[in-house]
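Residue-level listing of the chains:
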Amino acid sequence: DQQVKQNSPSLSVQEGRISILNCDYTNSMFDYFLWYKKYPAEGPTFLISISSIKDKNEDGRFTVFLNKSAKHLSLHIVPSQPGDSAVYFCATGSQGNLIFGKGTKLSVKP
Amino acid sequence: DVKVTQSSRYLVKRTGEKVFLECVQDMDHENMFWYRQDPGLGLRLIYFSYDVKMKEKGDIPEGYSVSREKKERFSLILESASTNQTSMYLCASSLQAGTGRGGYTFGSGTRLTVV
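If you read the protein sequences in the order shown, they are chains E and H.
For the first sequence, the working numbering begins at 473 and goes up steadily by one.
For the second sequence, the working numbering begins at 10 and goes up steadily by one.
Honestly, the hints are just simulated from the structure, not real lab data.
Careful, some of the hints might be misleading.
[Unchecked claim] Capping the alpha-carbon separation at 25 Å, the derived lysine-lysine pairs in BS3-like fashion look like this:
id: 1; chain 1: E; residue 1: K477; chain 2: H; residue 2: K66
id: 2; chain 1: H; residue 1: K64; chain 2: H; residue 2: K27
id: 3; chain 1: H; residue 1: K27; chain 2: E; residue 2: K509
id: 4; chain 1: E; residue 1: K543; chain 2: E; residue 2: K581
id: 5; chain 1: E; residue 1: K526; chain 2: E; residue 2: K509
id: 6; chain 1: E; residue 1: K526; chain 2: E; residue 2: K581
[Unchecked claim] Covered by chain H, per the in silico footprint, the following chain E stretches (three or more residues, Cβ under 8 Å):
id: 7; stretch: 479–492
id: 8; stretch: 535–547
[What the hints assert, rightly or not] Between beta-carbon pairs, the in silico distance windows are:
id: 9; chain 1: E; residue 1: P512; chain 2: H; residue 2: T14; range: 17 to 23 Å
id: 10; chain 1: H; residue 1: Y59; chain 2: E; residue 2: S500; range: 34 to 40 Å
id: 11; chain 1: H; residue 1: D47; chain 2: E; residue 2: T517; range: 17 to 23 Å
id: 12; chain 1: E; residue 1: R533; chain 2: H; residue 2: E78; range: 28 to 34 Å
id: 13; chain 1: H; residue 1: E65; chain 2: E; residue 2: S480; range: 29 to 35 Å
id: 14; chain 1: E; residue 1: S500; chain 2: H; residue 2: K62; range: 31 to 37 Å
id: 15; chain 1: H; residue 1: M63; chain 2: E; residue 2: V550; range: 39 to 45 Å
Glycine included, C-beta positions come from ideal geometry on N, C-alpha and C.
Can you build the whole structure from these sequences, using the hints too?
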């Protein structure tokens with residue numbers, strides 16, 4: 473059974489609007505959460521992270537929200553740009569290896 | 010700038026061939042990982058290594074083996090390539106197992122096609 477779920481395989485957003493990517497996890501022991509961005513034919517690159525002691529972390533246009541009680545995190549991109557079109561993976565873990573979701577493909581339309 | 014370098018970006022091999030995918034990192038990281046990425050299946054862990062000469066099976070090790078003779082180099086071996094091993098292969102490294110700022114650093118990937 474998947475420990476990290478990204479239930480939306482794809483998302484399409486208009487340029488300038490907000491993109492919201494969601495991720496659910498099952499293990500309350502997970503204490504660190506990350507988002508990676510991946511362009512075709514390239515490796516994933518680290519985007520933003522949050523530890524379990526926080527509920528929000530912001531970096532420019534990117535904000536990650538963590539709701540521990542719901543075991544849910546989300547990535548907000550505001551405003552969305554065409555260059556943000558990529559596959560986004562959430563990842564989490566504690567003492568072991570990172571566990572990745574299956575990814576959400578974001579398409580930002582000009 | 011820290012790097013994880015995968016030796017080939019694109020590779021085409023024949024069914025039954027033995028295939029070597031090489032990965033080198035220059036960050037003195039202890040941990041190295043091999044993943045494959047397929048549409049709809051996300052990143053699946055094949056093998057990982059926490060130290061030189063150590064290896065651990067990931068979620069889908071069948072048909073693969075690995076070698077880590079030096080700290081900076083982690084090789085993935087397809088003993089007898091099959092068409093269902095056509096995929097994007099990604100190498101990653103990390104300073105500490107799993108979490109930590111920045112998590113894993115990934116290479117650019119090798120797109121392997123087995124014909």
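Do the hints match the structure? See the list:
no. : hint                            : in the structure
1   : K477(E) with K66(H)             : holds, 22 Å
2   : K64(H) with K27(H)              : holds, 20 Å
3   : K27(H) with K509(E)             : violated, 32 Å
4   : K543(E) with K581(E)            : violated, 30 Å
5   : K526(E) with K509(E)            : holds, 22 Å
6   : K526(E) with K581(E)            : violated, 32 Å
7   : 479–492                         : violated (count 1)
8   : 535–547                         : violated (count 0)
9   : P512(E) with T14(H): 17 to 23 Å : holds, 19 Å
10  : Y59(H) with S500(E): 34 to 40 Å : violated, 25 Å
11  : D47(H) with T517(E): 17 to 23 Å : holds, 19 Å
12  : R533(E) with E78(H): 28 to 34 Å : violated, 43 Å
13  : E65(H) with S480(E): 29 to 35 Å : holds, 32 Å
14  : S500(E) with K62(H): 31 to 37 Å : holds, 35 Å
15  : M63(H) with V550(E): 39 to 45 Å : holds, 44 Å
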